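Once you know that position 174 of the sequence shown is 347 in the working numbering, the rest is easy, because the numbers rise by one and skip nothing.
The hints are simulated quantities; they were obtained by calculation from the structure and are not laboratory data. One or more of the hints may lead you astray.
[To be verified] BS3-like cross-link-like pairs, simulated, lysine-lysine; straight-line CA separation at most 27 Å:
hint	residue 1	residue 2
1	Lys180	Lys281
2	Lys409	Lys344
3	Lys281	Lys409
4	Lys441	Lys423
5	Lys423	Lys275
6	Lys441	Lys481
7	Lys304	Lys344
8	Lys304	Lys481
9	Lys304	Lys180
10	Lys409	Lys423
11	Lys409	Lys304
12	Lys423	Lys344
13	Lys481	Lys180
[What the hints assert, rightly or not] Here are the in silico distance ranges between beta carbons for each label pair:
hint	residue 1	residue 2	range
14	Asp305	Asp493	33 to 41 Å
15	Arg427	Phe508	18 to 26 Å
16	Leu454	Asp246	51 to 59 Å
17	Ser415	Asp248	45 to 53 Å
Note that the structure is predicted; figures quoted are calculated from it, not measured. C-beta atoms are modelled at their ideal positions from N, C-alpha and C, and glycine is treated no differently.
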Amino acid sequence: MAHEFWKSAGLHLTEPSAEGWAAITPQLLRAYWTRPEVHPVEESNDFEIGLHEALLVDPMRSVSEADLAALEDPDAIETYRIILAFRDVLMSAGTVEGAYLKLVRGHKTTAPIPPVFLDQMVHLILRNALKDCGDPLRLRAAEIFFREQTVSTPDGRLMLADEEIVEMQSKSQNIGLAQLLAETATPAKSIALDVLDEENKALYWGRSDRFDTVIDFRFEQPALDAFARVVEVWLKHMIGVSVRVEPRPKVEDRDWRWHVGLDAQATKLLNALYEGRDVSLDQMSQIVGLFRMRFDDESRLIERVRGKPVYLALAKDAEDCVRMKPQNLLVNLPFVASS
Numbered sequence: 174m175a176h177e178f179w180k181s182a183g184l185h186l187t188e189p190s191a192e193g194w195a196a197i198t199p200q201l202l203r204a205y206w207t208r209p210e211v212h213p214v215e216e217s218n219d220f221e222i223g224l225h226e227a228l229l230v231d232p233m234r235s236v237s238e239a240d241l242a243a244l245e246d247p248d249a250i251e252t253y254r255i256i257l258a259f260r261d262v263l264m265s266a267g268t269v270e271g272a273y274l275k276l277v278r279g280h281k282t283t284a285p286i287p288p289v290f291l292d293q294m295v296h297l298i299l300r301n302a303l304k305d306c307g308d309p310l311r312l313r314a315a316e317i318f319f320r321e322q323t324v325s326t327p328d329g330r331l332m333l334a335d336e337e338i339v340e341m342q343s344k345s346q347n348i349g350l351a352q353l354l355a356e357t358a359t360p361a362k363s364i365a366l367d368v369l370d371e372e373n374k375a376l377y378w379g380r381s382d383r384f385d386t387v388i389d390f391r392f393e394q395p396a397l398d399a400f401a402r403v404v405e406v407w408l409k410h411m412i413g414v415s416v417r418v419e420p421r422p423k424v425e426d427r428d429w430r431w432h433v434g435l436d437a438q439a440t441k442l443l444n445a446l447y448e449g450r451d452v453s454l455d456q457m458s459q460i461v462g463l464f465r466m467r468f469d470d471e472s473r474l475i476e477r478v479r480g481k482p483v484y485l486a487l488a489k490d491a492e493d494c495v496r497m498k499p500q501n502l503l504v505n506l507p508f509v510a511s512s
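Required output: the full structure, derived from the provided sequences and hints.
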């Protein structure tokens, strides 16, 4: 039986396409017109109020330059331009997955698309790709794809917790992540940060939208392997590529041919290692996950990578935060250029 999880992703606002992607619907587009940034305020003029009401009725309604000018308020005009640019990409692609691929492959939009919109797309895409997943650890590991993670190392462990939740807890209780993990008796108003493992992972089902569980990301821990499985699902769902991803403690390869950093910091570190530059132990300690990836079908790969693995890394930055860029897996692989 399939479990319910991540209702906040909005998959229920889409319909399945023929290829199994999430097709755009008026309901999904309407959700963006209900965002607080675009909701009329006390100072809004009558035209803005009327336009907003019309877009709630018909989220695909055309909006002209004259309509935008009639809003009068520069902030409102800018907000509308952003939502409209995003809507245009969604509608032209027809699916959330297709729109995401267009954006990460450099599609030019009429206004900049906020990073939070990309995170929301990844959230929805993974909810779709993992709809039959029965492993809460895999789902928790998938959160790394679309939510920033705070890293701590209590008692030699490598703990990843949701950055937003930790920040909220730290401000309310004036303590850090290590203390949050150590506390057993917490005030009723607080959010318990339970460490998810094989024994208690069922608790995830009842609170998946709270993003308040922690995982141990050390080598040979199940969460690291769960993350590797999500990478496999992501690539299969998005670009139809079957891969096998294996966590590794380090790179031992004298003939290293290709790598992909899963975030900005990991990219810098892998580039330095690949180029033979000196990398300090402190810098190496920033890597929280290292993986070796092999392709089931190598016919799409460039010649010099065939028969060789691709190395992946995930790292924390100077603020002990993991900010994954899942698009790197889609645009930085060593494929032969399409004709």
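How the hints compare with the structure:
no. : hint                        : result
1   : Lys180 / Lys281             : violated (31 Å)
2   : Lys409 / Lys344             : violated (40 Å)
3   : Lys281 / Lys409             : holds (26 Å)
4   : Lys441 / Lys423             : holds (16 Å)
5   : Lys423 / Lys275             : violated (34 Å)
6   : Lys441 / Lys481             : holds (21 Å)
7   : Lys304 / Lys344             : violated (34 Å)
8   : Lys304 / Lys481             : violated (32 Å)
9   : Lys304 / Lys180             : holds (11 Å)
10  : Lys409 / Lys423             : holds (25 Å)
11  : Lys409 / Lys304             : holds (14 Å)
12  : Lys423 / Lys344             : violated (36 Å)
13  : Lys481 / Lys180             : violated (40 Å)
14  : Asp305 / Asp493: 33 to 41 Å : holds (34 Å)
15  : Arg427 / Phe508: 18 to 26 Å : holds (24 Å)
16  : Leu454 / Asp246: 51 to 59 Å : holds (53 Å)
17  : Ser415 / Asp248: 45 to 53 Å : holds (47 Å)
Comparing the model with each earlier hint shows violations of hints 1, 2, 5, 7, 8, 12, 13; every other hint is respected.
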